[in-house]
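Line by line, the protein sequences give chains A and B. Quick note, the numbering used here runs 574 ahead of the 1-based positions in the first sequence. Quick note, the numbering used here runs 11 ahead of the 1-based positions in the second sequence.
Worth flagging that the hints you see were computed from the coordinates, not collected in a lab. Given the structure is predicted, the values throughout are model-derived calculations rather than measurements. Note that CB positions come from ideal geometry on N, CA and C, so glycine has one too. Just to be clear, a hint being listed does not mean it is correct.
Said to hold, decoys possible - BS3-like cross-link-like pairs, simulated, lysine-lysine; straight-line CA separation at most 27 angstroms:
(1) B:13 with A:885
(2) A:776 with B:101
(3) A:1112 with B:61
(4) A:657 with A:897
(5) A:897 with A:974
(6) A:1080 with B:40
(7) A:1087 with B:80
(8) B:125 with B:42
(9) A:687 with B:80
(10) A:1089 with A:737
What the hints assert, rightly or not - Just so you have them, the derived chain A footprint on chain B, three or more residues with Cβ under 8 angstroms:
(11) 48-54
(12) 63-72
(13) 85-93
(14) 112-124
(15) 134-144
(16) 152-158
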Amino acid sequence: MQVSKSFKKVIFLELAIPVALLILGIYHGLMQTIYRSGAIQQTSFAKLDYYQGLTLHGVINALVLTTFFAVAFGHVTITYYFKKETNKRLMWLSFWLMLSGVVLAAWAMLAGKASVLYTFYPPLKAHPFFYLGAALLIVGSWIPLYDWTRMYLKWKKENPTTKTPLAVLGTLINFIIWFVCTLAVAYEVLVLLIPWSMGWTKTVNVNLARTLFWFFGHALVYFWLLPAYIMFYTILPKIAGGKLYSDLAGRITLFLFLIFSIPVGVHHQYSDPTITQGVKFFSGLLTYGVAIPSFITAFTIAASLEYAGRKNGGKGLFGWMVKLPWFDEKNYLFSYFICGLILFVFGGVTGIVNASYSLNKVIHNTAWLPGHFHMTVAGPVFLAIVGMSLYLYAKMSGKKIMWPKLNTIIPYLWVTGMLIFSFGMSWGGLRGEPRRTNLGMTYLNPDSELFRSDWVPTTMLAMLGGVIMFIAGMLFIIIFFGTIFRKKTNESVLEIPVSEAYHDEKRTPLFDKLKPWVITMFIVILLAYVPALLNVNKNSGPGAPRYNIDNPVPLEANQ
Amino acid sequence: MKIDKIEKRVIITAMCMMGLFVFSLLYAKTKYKSNVPECLPYDKAYTNPKINQIDDKTYQVFSVASMWKFEPAEIYIPVGSEVDFYLTSKDVVHGFNIAEKDVNMMAVSGAINKTTVKFEKPGVYNIVCHEYCGVGHQNMHAQVIVNYPKAK
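Turn these sequences into a full structure, and let the hints guide you.
Okay, structure coming up:
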């Protein structure tokens, strides 16, 4: 379909700004692995400190890229399926709020006033602009939900007996999860942290802040993941040359995510004080619940791919695999998606380890953790996001991709690097190697008395993986901006591949309504979080004053 | 609601598998006492670092994390000791990981964390801070020394 200039402009900006920021984000990813391996043994490189770089890496790659993309992809999906553009005024408002948030936070981070990592646990204090920036980014990303819900309700009135398209349902569910979970972090930032960082309140309850953060923090990972899931269900079967195995399976998956995404947050706090073992165990059970939709997805997508492979002429038990478009220049999205899925197999399995209550003690906060989540957020999520960003830009601008052959190879390069990196990190984690630590200064420095020779091979592997991923990432950025600077040669259209369903089940009203599921979500959240918050309230002692990252004496005492 | 037969089987299999996992966790919890840290109400008494010997094989350690050290920094105990670690932080959030013994806790200001562990083999066990706690994080380290002659 044709879309207006203003619509295109917002989408292009929301796609291109995070890709430009990725230069900084990916550079710092590489640098982490170099510092950690002991190849450099210093606190900073090129005037950027290790922990400052780690903060930039996390915030840009995991918060800015994902949020901007989810909003842009949501606009595009809703517009394309309803054949009606989303409200331009609200699009611009949302964009400017998010961008101003990013600018404020970026200034704080680059100035070295917010090296608190992307979890910003108090009582390490960041500059108020860092918190304000995070709040603006979040509030900006709320606005589209209002507009999309309005369009959805109108469409529903006009088409009461038609199934809601799976992609639309996914987009709405994702942003409902996002809205509800970010309420907690908005409260944390606006009510607890900003007044405290300004010095208006003396102390902050650290345990409460952590619990509120993880109310948001785990749902956040599904907010990253669901746009990728939407693509796997509604786009991948089509471009593989087949159909989606089951439409209903997709709906069940989405609704299970809606129910279970938020209430599982406590499983990030297994090692925390103030929360009882019972509440933690319950959180573990719920986390197993949220593993079910991913198992369903693994099967449904694999079955869809097998269907496609056989339709393309593949025979035998594995013959269908050969017939998939692995290296098809015109169909490059397939390479991005399939590579993400390969990584997600390992990401999912390691995730279940983390969720498994007492098993978590083995790996909590070790290098295993980044090893795990790089195979989710930097696997299927990242590859689907960058692949789709390039696709949408090329289609909507009417330009041809630069270096199309190389473009299909990038995801394979990325997977190779990621598997090596994550293997090194996971192995190191099992040997007790901590995450988020400038290891080169002490543990990986042969001159230090803390030197750990058993972490040498693991960090070396991680660095090798990091170098390969850096090359893949930079090649993508070159291709993306190379494409932007090309001349328009095709007609510019908004077009997303749409898969038909192989089993297109009849509309079941229960699986086409949001209300009962949203109510269930709230009930499960209350069951999980009322006890957790009561625990925190009962077992917490005095709050903590503000600390700068470089001084064991609180800020107040220094003045 | 009608769903494909194979799809249904997959859903049931996935649920059975998660059920098996839950059973394993409960089994480990009852049989091997494998559990996550205990939660205690805040008490100021735990904010003074010390080592209490309860009897010849039972110890209490009040470990206090601060930027960028653990107190006590060296914990000498005999082989076969059972140690209750009580952990808190004086300032920002710290981590407390004895990888060989799967002791894994967060040290949070205004809260007390607790876990119990038995040291059956002699040796030096490293305690590594595994939560970012400021510029000196990578130096934050302590040791449990089992069955070594007392240095001081």
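Run through the hints listed earlier and report the numbers of any the structure violates, in increasing order.
4, 6, 7, 12, 13 and 16
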